[in-house]
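K.L.:
Given the sequences, and given the hints that come with them, work out the whole structure.
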Amino acid sequence: MKNVTLGRYIPLDSFFHRLDPRSKIIGMFAILIAVFIPSGWIGYAIIGAVILSCIFIAKLQIDFVIKAMKPMLMMMVFLFVINVLVIKTGEPLITIGKFTVYLDAITQTAYIVVRLVLMIMITTLLTATTKPMDMTLGIEDLLMPLEKLKVPTHDIAMMISLALRFIPTLIDEADRILKAQASRGVDFENGKLGEKITAIVSLIVPMFVSCFQRADDLADAMEARGYVVGAKRIRYKTLKFHAGDYVVIIVSNLILVGMILLWVYVK
Amino acid sequence: MSIRFEKVDFEYSPNTPFAHLALKDVDLEIPMGKVTAIIGATGSGKTTLVQHLNALLMPTKGTVEVLDHRIEAGKKYARIKDLRHKVGLVFQFSEYQLFEETVLKDVAFGPKNFGASEEEANEKAKRALTTVGLDEHYYERSPLELSGGQKRRTAIAGILAMGPEILILDEPAAGLDPQGAAQMMSLFRRLNTEKGITVLIVTHNMEHVLEYCDEVVVLDEGQVLMHTDMKTFFENEEYMERANINPPAIVRFKALLRSRGLDVPSDILSIEDLAGFLSRRKKK
Ligand SMILES: Nc1ncnc2c1ncn2[C@@H]1O[C@H](COP(=O)(O)OP(=O)(O)OP(=O)(O)O)[C@@H](O)[C@H]1O
Ligand SMILES: [Mg+2]
Numbered sequence: 001m002k003n004v005t006l007g008r009y010i011p012l013d014s015f016f017h018r019l020d021p022r023s024k025i026i027g028m029f030a031i032l033i034a035v036f037i038p039s040g041w042i043g044y045a046i047i048g049a050v051i052l053s054c055i056f057i058a059k060l061q062i063d064f065v066i067k068a069m070k071p072m073l074m075m076m077v078f079l080f081v082i083n084v085l086v087i088k089t090g091e092p093l094i095t096i097g098k099f100t101v102y103l104d105a106i107t108q109t110a111y112i113v114v115r116l117v118l119m120i121m122i123t124t125l126l127t128a129t130t131k132p133m134d135m136t137l138g139i140e141d142l143l144m145p146l147e148k149l150k151v152p153t154h155d156i157a158m159m160i161s162l163a164l165r166f167i168p169t170l171i172d173e174a175d176r177i178l179k180a181q182a183s184r185g186v187d188f189e190n191g192k193l194g195e196k197i198t199a200i201v202s203l204i205v206p207m208f209v210s211c212f213q214r215a216d217d218l219a220d221a222m223e224a225r226g227y228v229v230g231a232k233r234i235r236y237k238t239l240k241f242h243a244g245d246y247v248v249i250i251v252s253n254l255i256l257v258g259m260i261l262l263w264v265y266v267k
Numbered sequence: 001m002s003i004r005f006e007k008v009d010f011e012y013s014p015n016t017p018f019a020h021l022a023l024k025d026v027d028l029e030i031p032m033g034k035v036t037a038i039i040g041a042t043g044s045g046k047t048t049l050v051q052h053l054n055a056l057l058m059p060t061k062g063t064v065e066v067l068d069h070r071i072e073a074g075k076k077y078a079r080i081k082d083l084r085h086k087v088g089l090v091f092q093f094s095e096y097q098l099f100e101e102t103v104l105k106d107v108a109f110g111p112k113n114f115g116a117s118e119e120e121a122n123e124k125a126k127r128a129l130t131t132v133g134l135d136e137h138y139y140e141r142s143p144l145e146l147s148g149g150q151k152r153r154t155a156i157a158g159i160l161a162m163g164p165e166i167l168i169l170d171e172p173a174a175g176l177d178p179q180g181a182a183q184m185m186s187l188f189r190r191l192n193t194e195k196g197i198t199v200l201i202v203t204h205n206m207e208h209v210l211e212y213c214d215e216v217v218v219l220d221e222g223q224v225l226m227h228t229d230m231k232t233f234f235e236n237e238e239y240m241e242r243a244n245i246n247p248p249a250i251v252r253f254k255a256l257l258r259s260r261g262l263d264v265p266s267d268i269l270s271i272e273d274l275a276g277f278l279s280r281r282k283k284k
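Read top to bottom, the protein sequences are chains A and B. Per our numbering, residue 1 is the first one in the first sequence, and the count goes up by one each step. Per our numbering, residue 1 is the first one in the second sequence, and the count goes up by one each step.
Hints may be right or wrong, so weigh each one.
[Stated by the list, open to error] Which stretches of chain B does chain A cover? Using the computed rule of at least three CB atoms under 8 Å from a CB of chain A, they are:
| hint | segment |
| --- | --- |
| 1 | 37-46 |
| 2 | 148-162 |
[What the hints assert, rightly or not] Calculated pairs, DSS-like style, for lysine-lysine (alpha carbon to alpha carbon, straight line, at most 27 Å):
| hint | chain 1 | residue 1 | chain 2 | residue 2 |
| --- | --- | --- | --- | --- |
| 3 | A | K196 | B | K76 |
| 4 | B | K86 | A | K196 |
| 5 | B | K61 | B | K86 |
If you're looking for bench data, these hints aren't it; they were derived computationally from the structure. On a predicted model such as this, the values are computed, not experimentally measured, just so you know. For each residue, glycine too, the CB sits at the ideal point set by N, CA and C.
P.N.:
Here it is as structure tokens:
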């Protein structure tokens, strides 16, 4: 449980940690779109190099980023198997019995895997360097124009920040209940199907109970401190762009434009 | 046989930015057949220490010996289930682990996991519920609609029903009313004297340590600061000072009497003894 690294904030001090969340979010989206542009291997190499140097500048350990990809491993393997079975174009590579693996199957899979890896790397860079609270502030600010369309931007931001706020708490809670049930002889790893189901139930039920209880307590605590749904409120912390923020926005968008050019002209 | 820690280190989330060395070079031998208190400031590693005793946590370095089990750092341990059967661990805020529809089913859950038949498990559950003071009116109630104290009792019964040889309680009295807390503590004491169960209690309450425990282990920042018997601990002011605890009322009262020039013997540790001593003094 404790080894979940996807989406976790790493408290360090670096150029990226100090940036305005809004510029990071904008930058991330620009790069994400760039990743989706079929700019070929050169393009991906450029994006990869940029992200890697960003991770380095953010002082993040590379194994931390690699760990974040673990949950995706199954999906990648699955993709590979499907592709090998389905894609029958390009050079035949190897033949095993009646079955032939074609070159396109490999390159297609490689493309998707590289894209996924780049996407995870860039989102990890964002979440690892941005405090959840700052992230919500940033999202709220960026959604502000939608206020005119009667979109409850503040409520959305509040929900996101509460959800983010409770992820570590819930992981801790799950860890504790897991251990408590293990002490009563539940085996979460082995066991027959029936036992597995009981094991899961013994975790889920207490989790639900405590989630509802927490939600109730939190609502009471917020109301006790004067929170009114839909009321007009001002900010304690206001976000401000600095020089670095402009650099990030400009560089990321330049990369995006570059990828588009690469796609249109080189291909 | 006893409980032994040999040069045990434990690190949470090793090799990550969150790495935290919670136990450092712990050498400790806890005798069987006694009630041992584990005390220490918040975050000193008490919970971490006791979770080693039923292999919920494995040492990062060193070995832990419990009964005929020997758990070494870095090795997979195969007989975990047997260990967990014999070492019952009641968690801090154990009331949050209840999940079955009825109290009886929840208490019978442990024994069933360890291979008891339905009837056997129910029999054990009923006995355990009686021990913690919940009668048959509670059997069919949902654990979720009980009061906090009753939930706690149910959770403790859930562990007792497994019939452990070693019973470990992580702050069993926290959040209970004083009377309920005292009842809990005397229950553990009784389990020890009547059934010979070895009991380990993690607590912040020095009055409880004084009244119900035989031995005291003091932890400080993941290390064992001291390990003595309860009497020695409360008879020596410098021990209590070193452990940085607020002494029990009786000890503070004795210190007050002493500061006024009355020479109270240090082995007086109960109200009755003190009252007896004072009345004898008066007669003289
Ligand atoms: N799951 C965890 N991951 C990382 N660090 C942890 C974890 N659990 C505990 N710690 C750290 O290990 C240290 C010891 O924690 P532990 O829970 O054993 O303390 P404790 O003595 O039981 O405290 P308390 O009296 O508050 O229950 C603390 O500094 C805590 O921050
Ligand atoms: Mg604790």
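K.L.:
The structure should be examined with respect to each hint, and the outcome stated for every one.
P.N.:
Hints and how they fare:
Figure legend: the segment 37-46 of chain B, annotated as covered by chain A; annotation inconsistent (0 residues with Cβ-Cβ distances under 8 Å, at least 3 required). With 3 residues having a beta carbon nearer than 8 Å to a beta carbon of chain A, the segment 148-162 of chain B meets the requirement of three or more and the stated coverage holds. Taken as a hint, the A/K196 and B/K76 pair is honoured in the structure, with Cα atoms around 21 Å apart against an allowance of 27 Å. Restraint check: the Cα-Cα separation between B/K86 and A/K196 comes to about 23 Å, which is no more than 27 Å; the hinted pair holds.
A distance of roughly 24 Å separates the Cα atoms of B/K61 and B/K86; the hinted pair therefore holds under the 27 Å criterion.
In the structure shown, a violation is registered for the earlier hint numbered 1 alone.
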